[in-house]
Amino acid sequence: MKILICEDEIEVVNILKKFLKYKGFDADYALDGRAALELIKSGNYGIIFLDINMPELTGIEVLKHMKENHSKAKVIILTGYPGSTKDLCISLGADVYLEKPIDLKVIGEIVDKYAGR
Amino acid sequence: MRIYHKLIITFLILSVVPTLFIGVIGFYNAKNSLSKAIISNLNNIADGGVGEIEAFIAARRSDMMVLQRQNVYKTTFSMLEQFDSDQSSFYRVEAKKAIDAQLAVFQIAYKYADISLTDRQGRVIYISNPDRESEVNRYIQNKDDLFQEVKGGTYICDVCENYDREHPFVFCLSGLAYGKADEVIGLIQLKFDMKEVFDRLNSGTSLGKSGEIICAKKTPNNEVLFLGPLKHREAFLSGKTIALGAKNALAIQRAVLGASGSGRSTDYRGNSVLSAWRPIKSLDWGLVAKIDENEAFLPINRLRNLLVAVVVMTVFSIILTALIIAKSIADPIDKLRRGAKIIGSGNLDYKIGVASNDEVGQLSLEFNAMARNLKKTTTSVLDLNKEIAERKRVEIEREKTLKWQQDVNALQQSLLAPVTLERKLRMITDGVTHIFDADFCRIWLIQSGDRCEQDCAHAKIKTGPHVCRHRDKCLHLMASSGRYTHVDGREHSRVPFGCYKIGRIAASEEHKFLTNDVVSDPLVHNHEWAGELRLTSFAGYQLKVPGGETIGVLALFAKHPILPAEDAVLDGFSTTTAFVVQQAVANNNILKKAVELARSIEELKRSQDMLIQSEKMASLGKLVSEISHEINNPLMIISGNAQISLMSEKLGGETKKTMELIMKECQRAKDIILRVLRFAKPSKGEIKEANVCQNIETVVGIIEKQFKTAGVEIKRKYLKNPPLISIDEQQLQEVAMNLLNNAKDAMPDGGTITITSFLENDHMRIDFKDSGSGMSEEVKRNILEPFFTTKADGTGLGLSICYGIIKAHNGELKFESQLNRGTTVTILLPIGKVPLA
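For the record, the sequence lines run as chains A and B. Per the working numbering: the first sequence = residues 1 to 117. Per the working numbering: the second sequence = residues 1001 to 1837.
Keep in mind that the hints were calculated from the coordinates and are not lab data. Where hints are given, some of them may not hold.
[Said to hold, decoys possible] Listed next, with one range per pair, are the computed distances between beta-carbon atoms:
| # | chain 1 | residue 1 | chain 2 | residue 2 | range |
| --- | --- | --- | --- | --- | --- |
| 1 | A | Val106 | B | Ile1627 | 20 to 28 angstroms |
| 2 | A | Met1 | B | Glu1660 | 28 to 36 angstroms |
| 3 | A | Asp95 | B | Ile1627 | 24 to 32 angstroms |
| 4 | B | Pro1830 | A | Asn44 | 51 to 59 angstroms |
| 5 | B | Gln1667 | A | Lys64 | 29 to 37 angstroms |
| 6 | A | Asp95 | B | Lys1791 | 35 to 43 angstroms |
| 7 | A | Ile10 | B | Ile1601 | 53 to 61 angstroms |
[To be verified] Computed footprint of chain B on chain A; a stretch qualifies when at least three of its residues, placed anywhere within it, have a C-beta under 8 angstroms from a C-beta of chain B:
| # | stretch |
| --- | --- |
| 8 | 2 to 12 |
| 9 | 16 to 23 |
| 10 | 99 to 109 |
[To be verified] Here are some chain A residues the structure puts well away from chain B; computed CB gaps all over 10 angstroms:
| # | residue |
| --- | --- |
| 11 | Asp32 |
| 12 | Arg34 |
| 13 | Leu37 |
| 14 | Leu39 |
| 15 | Lys41 |
| 16 | Gly43 |
| 17 | Glu56 |
| 18 | Leu57 |
| 19 | Lys64 |
| 20 | His65 |
| 21 | Asn69 |
| 22 | Leu92 |
| 23 | Gly93 |
| 24 | Val96 |
| 25 | Gly116 |
In this text, a Cβ means the ideal position worked out from N, Cα and C, and glycines have one as well.
Isolated chain A, as found in the complex (with noise of 0.2 angstroms):
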């Protein structure tokens, strides 16, 4: 399964691959809203980890265009705005909120429950 990371902060982006690595998986990813979309349109992806703060698009944005083009991916929410846009992106598709900081063991669970193992 295919996996991509859209957050702006490297740092973010480092440790979830470390920890999908460390579960076996293997994860693209992109540092703004743009570079994420282009990346959604081209690569089949089972699952995408979304920030909603970003450059160029915001992860809000990301995720209309996706519905906009009925993508299949699950869609797992990674804020540092807690609360404020849950219901947003729940109504527009999005499958998980996650606020941060993110206990990974839930982000474990919920790639493997993703992956059906």
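Chain B: place on chain A using the hints.
What follows is chain B alone, placed relative to chain A:
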């Protein structure tokens, strides 16, 4: 008592009393004299009667003695005895003839009824009366007693009853018959009728129609036996008795007992009689001569009637004379008295018209002269008094007016006091009632109708003169003093403009109305009511402000007439009242505006505060949101790296612990950020209708044990069956937890927390009261400021978050605290479904 009456009484006393006295004395003297004369006559009659009876009986005894000695018996007696059975025997016939020849002389000469002979055995052997021949050979009754009685000579027995109807008063005189040798051979009995004697006694006396002489004797049975005829009892023949001691026939009772006398007594009928009674000693009889008092005193009674007639006529003449004399004396005096009274009462023109030339006439002339002189003197005095009285009246009126004016001025001064319009109007009605002694006084002000659509009684009137036509000009009763003090009466509190007396005064061209005849004035429609209350006057004044507008009416009722001076003062005062009312209304309006302004300013300030707070909160929310984002990313990196490190199996024990500490602290930092965020921008949780007390109790249940260990006791005074309120249960529990923790922290040495819930207006109120250290003024001022804390490890967000949550519920969070006494935190939550702010 009038002199007229005195004179009459004097005349009567001086003339009638002696007349009556003389008449009565004369009558009784005459009566006594007559009585004495009659009794003297009766005495004579009685004595005469006794003598006659005794003489009669003595003659009969004398006859007996003669017969006893007759020789004829000595030879014939035995023959009659022997041949008694043979009436036709020669010897007997001869013997009878011989005796008849002797005795016939006696029978004829002395009118004996019968002469009989009886032998010693008591058998009748001879009877001289041929009509009674049949009694021969019969035996007489009580033979032995009779022989015993006649031993001493003769014996007269009682009236022989049933002897003969024609001879009812036959007496029997018995004597012994002697033989040749003077032996007793039998009895001789002479029977004689005393009717003739009694008749003679009665006819020969002057005893009048009712008078009579009666004889009687005492029987062995102590009875009085009447022996002769009784004039007034034809059927009462001799032989009848009355008992000794009976009330009647007292005179005859005394006579048979041997007494002698005379005087008043009663006869056998019970009538009053004058009588004289005597004993007839030789016979042991008694005799009474009597006459009825009525007859005896007939002449004196006639005299009495004559005297009465004379006295009545005399008294009548005296009274007539007394009346005439008294009138002739008293009338002029009375005329003089009345004249003096009239003159005395001030009518000096009056002339006393006594025409006589005597002293009274002279006196009347003197009186008339005196009245003339007095008139001359008093005319000038009266004029002077009139002038003085007029001056006094004017002076009193002036003083009264001055007093009224002063009182009114004082009232006006008091109206300057800063009080409400209603109070001022009441001061005016109180003052007018007091100053002018009004029964009651009222003030109406013209305002818009306020009850027209509700319960105004006048609005319901559809016809007649009292139909309300000016709903914008309704007279409102504002103040009332005196008899009625209320202003909220159903009908009287509002008067339509132009209707009734008050409305008509308000609408009138004339600015005032005054009447001193309330009970008949057409403007006062309820005359009966006015009459019952004895009201005399009514005055009503328009309250006119400068410019001529009428703003109301001042009116009063009084039990006395309202004088022109009072009217003038009241008229002036009504203008002042209007001015005062206008001023007061203006002041009132200013005051109302000022209050409204102050309220607006306060509202504005509150809004401003809220705005500032909201802005503050909004800025803070934004800031916190930004900061949290900026912090959460580094925290993510730190905690992520730490977690990654912990996944490594090579990690040493010390490093692992350090990594775990890093993770824990990251989580703490996350919690802080969450709380700050919740304060600045409370999350919209699940709102539902819930029991506030139950939610608080959930929190208390969690912490109670922990609190108890710290020496803090929690008391609950929850409202039973509290209303359900729209709340975010989680948030409310957070508030409760915060407040309870704060309370516990304020009591480091333990204490009591009391939770009380109750309803207040439209809110549910919950008080958290502790017995802790309380708050200083500085703490109170800053208590809601975010990050303000008095605790060493506090964030300063707890109460700020609570405030935010309660505000979001449209509620209020309040504090009351006294240093060293404790703090009460109050939550007020609106009841009902209130959308969250």
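Go through the numbered hints given earlier and state which of them the structure violates, listing their numbers in rising order. Violated: none.
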